[in-house]
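Asks: Below are the chains, spelled out letter by letter.
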Amino acid sequence: MVRALLARWKKWRSSLRLLQPAHVDPGRAKISIAQLGHRYANKVVALHDVNLNVRTGEFVCLLGPSGCGKSTLLFALAGHVEPTGGTVSIDGKRIHGPGPDRLLMFQEAALFPWLTVRGNITFALAARGIPRDERRARADTFIRRVQLTGFEDSLPHQLSGGMKMRASLARALAVDPAVLLMDEPFGSLDAQTRVHMQELLQSIWMRTAKTIVFVTHDVQEALMLGTRVVLMAPRPGRVVRDLEVHLPMPRSMEDARLTEMARHVRRLLRHFEVPDSEHPTPPPRRALPARGLLRPSPLPSR
Amino acid sequence: MKKWAQKLGMVALLLALWEGLSRSGIWSPHLFPGPMKVAESLVAMAKDGRLGSATLRSLGRLSRAYLLSVSIGVPLGLLTARVAFFRNAVKPVVMGLQALPSICWLPLALLWFGLTDAAILFVVVMGSVLSIAIATEDAVNGLDPQLARVASTLGVRGPRFYFGVLLPGALPGIVTGLKLGWSFAWRALLAGELLFVSGGLGQLLTMGRELMDVPQVMAVMVAIIVIGIAVDRVLFQTVETRLRRRWGLTATV
Ligand SMILES: Nc1ncnc2c1ncn2[C@@H]1O[C@H](COP(=O)(O)OP(=O)(O)OP(=O)(O)O)[C@@H](O)[C@H]1O
Ligand SMILES: [Mg+2]
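Those protein sequences? They're chains A and B, same order as listed. The first sequence begins at 1 in my numbering and counts up one residue at a time. The second sequence begins at 1 in my numbering and counts up one residue at a time.
The set of hints was computed from the structure by calculation and includes no laboratory data. Since we're looking at a predicted model, the values are computed, not measured. No residue lacks a Cβ here, since even glycine has one placed at the ideal position from N, Cα and C. Among the hints, a few may not be true.
[As the list claims (entries may be wrong)] To be clear about the criterion: a stretch of chain B counts as covered by chain A if any three or more of its residues have a C-beta under 8 Å from a C-beta of chain A, and this derived list gives those stretches:
| hint | stretch |
| --- | --- |
| 1 | 105–113 |
| 2 | 142–150 |
[To be verified] Simulated restraints on C-beta separations:
| hint | chain 1 | residue 1 | chain 2 | residue 2 | range |
| --- | --- | --- | --- | --- | --- |
| 3 | A | R235 | B | A148 | 53 to 61 Å |
| 4 | B | L97 | A | Q158 | 39 to 47 Å |
| 5 | A | G85 | B | L97 | 42 to 50 Å |
| 6 | B | A148 | A | S66 | 21 to 29 Å |
| 7 | A | R132 | B | R242 | 24 to 32 Å |
| 8 | A | S160 | B | R87 | 53 to 61 Å |
| 9 | A | M249 | B | R242 | 28 to 36 Å |
| 10 | B | P145 | A | R39 | 14 to 22 Å |
| 11 | B | L235 | A | R235 | 30 to 38 Å |
| 12 | B | P107 | A | R132 | 52 to 60 Å |
| 13 | B | L97 | A | R144 | 53 to 61 Å |
| 14 | A | S160 | B | G20 | 34 to 42 Å |
| 15 | A | P65 | B | L235 | 37 to 45 Å |
| 16 | B | A148 | A | S203 | 51 to 59 Å |
[Stated by the list, open to error] Over the 12 Å line for every Cβ pair with chain A, so calculated as not near, a few chain B residues:
| hint | residue |
| --- | --- |
| 17 | K7 |
| 18 | A16 |
| 19 | W18 |
| 20 | R23 |
| 21 | P75 |
| 22 | L100 |
| 23 | G155 |
| 24 | L171 |
| 25 | V226 |
| 26 | F236 |
| 27 | G248 |
| 28 | T250 |
Chain A with its partners taken away, still in its complex shape (with noise of 0.2 Å):
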């Protein structure tokens, strides 16, 4: 009994110490979020003093709950929405609309629905200027590697959702940009095909250096590719625990520390979720062991 407790103990603090918080010099990050804060029309106020510092090459997963705000501050890292505080910089210059060093994939395939699979890629590659004679062979690469060679010529309403979200994907890695941003690619597919596409993802990130921002859901997706896991909650939208996960690549999903890291961030997620005042027990930070692996993140005042 006290030796299962104690083996339970110690698997408890090993996932912690594979999950640090992150501490990024803003001044050498290569996305740099500061204070940012967005309301849209309607009051809704979808984030509130949001501090982030992403590395070049970081792989960085926003987990959180429906409504937290994921899609709007990945929105506005892509340029797509003017934040109506804070600042957004890339590489030290703060962005101002959409440009050519970042890509945003959206929850959608969002396909053109006119043309072929190759040509939605051929044509993206032709709006990045990549010359005419090499956009083919570029487009059948990356079609090969999301696995949809023989629907080089299929319509996207041809095609099943999920090879509409492959056929994304493949256009957004085909147009080879720094930073990549990715909201719930993966959600649509289903098991088998999103762990293809998980690892296919991984090993083009870990072969091109592309920074990555990508938002999911799926706590057990965010730990198997991210290297950094920024937990997010809702009302307002903010950022709530910026974990570095200190696991080497590649993960496997069954691996016992993940499946541990996943309770723990469950629990986390689960706490923030609920207001506060319909939280009688004491937040599992003070449960910790004083070690200081977990940083108390700055909670705005409401």
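Based on the hints, put chain B with the ligands in the right spot on chain A.
Replies: Chain B with the ligands in isolation, oriented as in the chain A frame:
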């Protein structure tokens, strides 16, 4: 197959009714000839070449006017949708003029251009250009905002955006507008042709009236209906269906 049988059945029924009415003697057979008489007149006109030349004349005029309408209307619609000046200043004018039935332009056209082809062209263009412009504007404004966002994140800008995203995205709506514009043009053309000597189908109709040749009048009416349906069904319907299928807008694939 069944659909066709029903259609043919309906046509046969109408023809029989028509024949029966004309034989019943309620109206003078001169004023209300049966379908056989009308068909004879149609064949006669087709044989002596009057129908053919009148049709060619009308369609030639129509296509010139229509091309002009399209080449003015589509860009005008694009501009009203995308450029603030056009939206604020030109659009109200377009909407106002749209309220004017096209044939009301004829007196002005006759004063400006005299009894020439140009007068009829003017009436036809005025009859169709505005509806094409308005439909184009609607189609462009109705572009899926998602596609506009993708285009901007992919860095699609300038002419590539206009010709690669905006126009194809709005194309199904634009084609619907073109179809509407065509039917307006066809109406305006015949109204114009009826009102002065012009050598088209409209004049054939007028001549039939002046000669009190009711079968000719009805025969020309039939010809006008057939041509109208043919262009609408064969040309526009085909293009529209193909387009909607390719764009994935039809339910069945
Ligand atoms: N265009 C908009 N206008 C007004 N309010 C909006 C708009 N988009 C989002 N919101 C609001 O902002 C909040 C955050 O929305 P957001 O889409 O960023 O959430 P999310 O975390 O991406 O959710 P999900 O996981 O469901 O996609 C929500 O409360 C939502 O109601
Ligand atoms: Mg979202």
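Asks: Provide an ascending list of the numbers of those earlier hints which the structure does not satisfy.
Replies: 1, 3, 8, 9, 11, 14, 15, 16, 23, 24, 27, 28
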